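Heads up: the sequence shown at position 132 corresponds to 132 in the numbering used here, and the numbers run straight through without jumps.
These are calculated hints, taken from the structure and not from any lab test. Owing to the predicted nature of the structure, the values given are computational and were not obtained by experimental measurement. All C-beta atoms in this analysis are idealised placements derived from N, C-alpha and C, irrespective of residue type, glycine included. Not one of these hints is a red herring.
Listed next, with one range per pair, are the computed distances between beta-carbon atoms:
1) Asp155 to Tyr26: 18 to 28 Å
2) Lys127 to Met158: 39 to 49 Å
3) Thr77 to Glu165: 30 to 40 Å
4) Tyr51 to Phe176: 30 to 40 Å
5) Ser107 to Ala18: 42 to 52 Å
6) Phe17 to Ala84: 45 to 55 Å
7) Asn80 to Phe21: 41 to 51 Å
8) Gly15 to Gly174: 12 to 22 Å
9) Ser141 to Met20: 43 to 53 Å
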Amino acid sequence: MGAGLMLIVVIVLLGLFACMFVIGIYNALVALRNRYKNAYSQIDVQLKRRYDLIPNLVETAKGYLAHERGTLEAVITARNAAAAANTRAAQNPGDASAMKELSGAESALTGVLGRLFALSEAYPDLKANTTMMTLMEELTSTENKVSFARQAYNDSVMAYNTRREVFPSNIIAGMFNFGPAELFVIDKPEQKEAPKVAF
Numbered sequence: 001m002g003a004g005l006m007l008i009v010v011i012v013l014l015g016l017f018a019c020m021f022v023i024g025i026y027n028a029l030v031a032l033r034n035r036y037k038n039a040y041s042q043i044d045v046q047l048k049r050r051y052d053l054i055p056n057l058v059e060t061a062k063g064y065l066a067h068e069r070g071t072l073e074a075v076i077t078a079r080n081a082a083a084a085a086n087t088r089a090a091q092n093p094g095d096a097s098a099m100k101e102l103s104g105a106e107s108a109l110t111g112v113l114g115r116l117f118a119l120s121e122a123y124p125d126l127k128a129n130t131t132m133m134t135l136m137e138e139l140t141s142t143e144n145k146v147s148f149a150r151q152a153y154n155d156s157v158m159a160y161n162t163r164r165e166v167f168p169s170n171i172i173a174g175m176f177n178f179g180p181a182e183l184f185v186i187d188k189p190e191q192k193e194a195p196k197v198a199f
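With the sequences and hints as input, model every part of the structure.
Quick look at the structure:
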C-alpha cells in the first residue's frame with residue numbers, strides 16, 4: 001500500500017510539473033507575441049504621421065511643379081496604397097501576406113518620394129520654400145523614427161520566431177497555433193546594387 005501511494009504521488013507530481021512546464025512555455029509565447037504586436041504599434045504611429053505629412057508636401061510642391069503632375073499624382077497614389085496596407089498590417093502584424101504587402105507599398109512610396117525630392121532639387125524656389133524645407137525635415141525625422149521602430153519590431157519578431165521554433169517550445173506552439181510572424185523589410189534597390197566606379 002505504501003509503494004502504491006508513493007507511485008501515485010510521483011505520477012501526480014510529474015503531471016503537475018509537466019503542466020507547469022507547458023503553462024510556462026505558453027505564457028512566454030504569448031508575452032513574445034504581445035511584444036512584437038506592441039512594437040508594430042510604434043511603427044504604426046510613425047507611419048501614420050508620415051502619411052499625414054505627404055499630402056502637405058505635395059500641396060506645397062504643386063505650385064512649383066505644375067507640369068510634373070504625374071510625379072505628384074504618383075506620390076499620392078503610393079501614399080494611399082501604403083496607408084491602406086498599413087491598416088491591414090496593424091490589424092494583425094503576424095500576418096505574413098499583410099506585412100509583405102506593406103513592405104511592397106512602402107518600397108514603392110519611398111521610390112516616388114525619392115523622385116519628388118530629386119525634382120525639388122531642380123527648382124531653387126521650391127527648395128528654398130520654408131514650408132517645403134520644414135516638411136522635408138519633418139519627413140526625414142519621421143523616416144528615422146520609422147527605421148528605429150522597424151528595427152525594434154524586427155528584433156521582437158526574431159525573438160518570438162526563435163522561441164516558437166526551438167524544442168520543446170515548437171511542440172507547444174504547434175498545439176496552440178502560434179504561427180510565425182513576418183519581418184518588416186523595406187526593399188531599397190540602391191542597397192542591393194554594387195556601387196559603380198568609373199575611371
